[in-house]
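Put together the whole structure using the sequences plus the hints.
2 protein chains.
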Amino acid sequence: MSAWVLPDHIADVLPSEARHIEEIRRDLLDMARCYGYELVMPPLLEHLESLLSGTGEALDLQTFKLVDQLSGRMMGLRADTTPQVARIDAHLLNRRGVTRLCYCGPVVHTRPGGPHATREPLQFGAEIYGHAGVEADLEILTLALDALRAVNAGALTVDLADARVVNALLGASGMPASQCELVHVALAEKDGSAIQALTAGVPLPIAQGLQQLVDLYGDISVLDRALATLPALPEVQEAIGGLRWLAGHIEGARVSIDLSDLRGYAYYTGARFSIFSRSANDALARGGRYDEVGSVFGRKRPAVGFSLDVKALAEAVEPKPLHLAVRAPWGEAPSLREAIAKLRKQGETVVRVLPGHENEVDEFQCDRELVQIADRWVVKAV
Amino acid sequence: MSAWVLPDHIADVLPSEARHIEEIRRDLLDMARCYGYELVMPPLLEHLESLLSGTGEALDLQTFKLVDQLSGRMMGLRADTTPQVARIDAHLLNRRGVTRLCYCGPVVHTRPGGPHATREPLQFGAEIYGHAGVEADLEILTLALDALRAVNAGALTVDLADARVVNALLGASGMPASQCELVHVALAEKDGSAIQALTAGVPLPIAQGLQQLVDLYGDISVLDRALATLPALPEVQEAIGGLRWLAGHIEGARVSIDLSDLRGYAYYTGARFSIFSRSANDALARGGRYDEVGSVFGRKRPAVGFSLDVKALAEAVEPKPLHLAVRAPWGEAPSLREAIAKLRKQGETVVRVLPGHENEVDEFQCDRELVQIADRWVVKAV
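Going down the list, the protein sequences come from chains E and W. Just so you know, numbering that gives the first Met the number 0 puts 3 at position 4 of the first sequence, and the rest follows in order with no gaps. Just so you know, numbering that gives the first Met the number 0 puts 143 at position 144 of the second sequence, and the rest follows in order with no gaps.
Some hints here could point you the wrong way.
As the list makes no split between identical chains, a pair holds if one copy fits it or if it spans any two.
Simulated crosslink set (DSBU-like; lysine-lysine; CA at most 35 Å straight-line) [as the list claims (entries may be wrong)]:
| # | residue 1 | residue 2 |
| --- | --- | --- |
| 1 | K319 | K341 |
| 2 | K299 | K189 |
| 3 | K319 | K344 |
Hints in this document: simulated from the structure, not taken from any laboratory.
So, in structure tokens, the structure goes:
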């Protein structure tokens with residue numbers, strides 16, 4: 000096989016796409032900064048047990064493993080940045096109050112997430128540690144929406160769910176964990192008859208509640224139906240009240256509810272959201288509350304956050320118009336050097352024609368040219 | 000061992016340092032863009048044979064190896080971005096004329112380069128493909144100097160060398176490769192008596208030339224001494240002429256010459272440079288000509304470039320003053336939301352105090368506060 004063939008689901012990012020990704024990256028980080036989120040850069044490699052502590056089997060399978068020659072210990076190539084940021088909050092910063100952190104860097108997966116997915120997403124995310132209230136949930140969701148607006152992601156829809164609804168019903172069902180897993184699968188497939196069969200021995204209100212979940216999706220009125228039909232467990236009521244408050248505070252985006260949505264159920268502990276636009280099939284950003292995330296590092300703190308893949312986002316949004324360049328001749332005159340330096344200082348791209356290449360068409364699109372007229376260098380349209 | 004201990008020579012980058020690195024990263028990329036260098040983002044993982052083709056044993060030892068589950072083939076985690084960019088020039092862009100490319104991303108090393116070095120540098124670099132002239136060497140060197148000036152790296156010194164001088168002398172010596180290796184070692188140690196012993200059977204002018212190399216370092220006058228004392232081989236004369244031209248065109252930096260400097264001799268094929276500042280022991284940036292770099296990808300093109308580690312550079316330059324923030328209260332009034340949105344749009348960082356945390360000192364430094372006076376929200380000093 001040729002030396003230049005890349006592995007499957009691994010690709011180079013070429014100039015116009017790379018520029019687009021870099022611009023989006025800056026817009027996202029700038030939005031997080033102006034919300035007061037501090038940037039951190041966790042390493043690509045960590046000891047396997049810190050990368051995977053408490054994160055579940057799915058992340059383990061997604062993580063490349065390596066031997067550290069210095070220590071002989073196993074290391075992992077990060078497949079998700081969130082556990083690293085939780086570690087930083089828990090140990091390195093170790094603050095008492097609210098901590099807002101953001102990050103942007105590559106993660107690597109052993110297998111692609113889908114038929115066209117890259118194994119090397121560029122993950123951007125933001126997180127609040129130390130606040131258990133819905134206000135923190137709302138701030139994260141609002142930041143996610145504003146970040147997507149900053150890159151002109153178009154009309155947005157927020158799907159809301161809450162991990163506590165299913166968890167409370169399963170907790171009250173008395174079913175063993177293995178059977179709960181089967182209910183999870185049936186819920187994910189919205190398979191009502193499977194749920195009915197699985198909950199045959201469960202107290203009736205709970206069994207009915209689990210069966211009703213598969214129909215509890217749609218617009219905001221789903222929350223009223225849920226209150227009326229689900230058993231009045233405190234966690235269920237708290238979750239529904241929280242979603243109602245959140246939904247009422249979302250501005251400029253359509254809101255939908257799906258109480259049987261279980262994506263990431265092993266991870267989230269409260270409200271969760273996915274943000275969609277018309278230009279992409281998959282969610283552009285996902286987030287929610289995962290209060291347990293720091294506990295393996297000895298410091299359980301409330302946590303809420305979101306993340307997205309900048310590469311996928313770049314495919315879903317239009318690039319900014321290309322910044323056109325000025326072509327300048329080669330030459331040693333100080334006046335030419337000064338004219339070029341001045342244009343570059345003004346933010347212009349100035350491409351110098353190297354000797355012997357005067358007649359080439361520039362790959363970098365030049366719409367203007369620096370030419371000498373009398374004693375002065377002036378920019379003229381090409 | 001605790002789950003939060005990182006491997007040796009691997010570290011988290013915490014907020015103030017991360018901000019500093021991100022600012023430098025943007026300044027470097029912006030400088031490359033205004034010179035007309037197009038950004039590319041090669042992947043972290045590639046098949047081992049494409050990552051290591053023609054790059055020598057040193058890079059092989061520095062490269063982490065992984066098995067690709069999808070194909071069963073060996074992959075490497077990139078330890079250097081240059082061979083990847085050469086591959087992109089050779090195959091993906093495949094242009095006839097001059098191509099200018101730049102990149103910025105992490106590389107990973109199995110072992111640290113020094114007692115305090117990170118195993119995860121953030122490599123920034125720029126390269127010109129398709130131009131064999133000294134003008135391209137000068138453009139790359141000038142860009143490297145301007146990039147370092149853009150981040151206020153202080154007074155700079157350029158060390159110039161040329162791989163052709165030693166190579167031409169060794170080529171003319173008739174010595175076998177194994178003996179040439181020993182001369183390389185002796186030159187690196189500036190060990191004149193070892194060179195004398197090794198070159199005992201070599202034609203006298205060549206042997207004397209190799210012996211003289213160890214003294215051929217210092218200011219620009221070294222080039223005159225070299226012309227007078229080294230054998231008049233065409234490659235040696237071309238190299239010295241090129242260095243003289245380059246040295247004469249460097250502005251605003253001290254120039255020194257070291258003709259016995261062999262760093263990267265397996266890699267460079269012509270003039271090479273290292274740029275130093277007073278604030279760092281090691282070079283801030285290194286570069287030069289390596290015309291062979293694309294040949295393993297079936298397309299040998301002239302190539303000249305430079306690279307640097309953004310993390311090391313961040314340690315050597317002062318961070319910009321911290322952008323101070325505005326503290327804003329929690330509240331649901333539309334006028335408050337609008338006031339906050341307006342400040343953020345102006346580029347201000349506005350940190351909202353979450354309920355229950357009103358009395359906390361913000362970790363994000365706030366020098367101003369958004370307060371309501373009569374019906375209006377105004378920014379006041381804290």
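Hints broken by the structure, by number, lowest first? none
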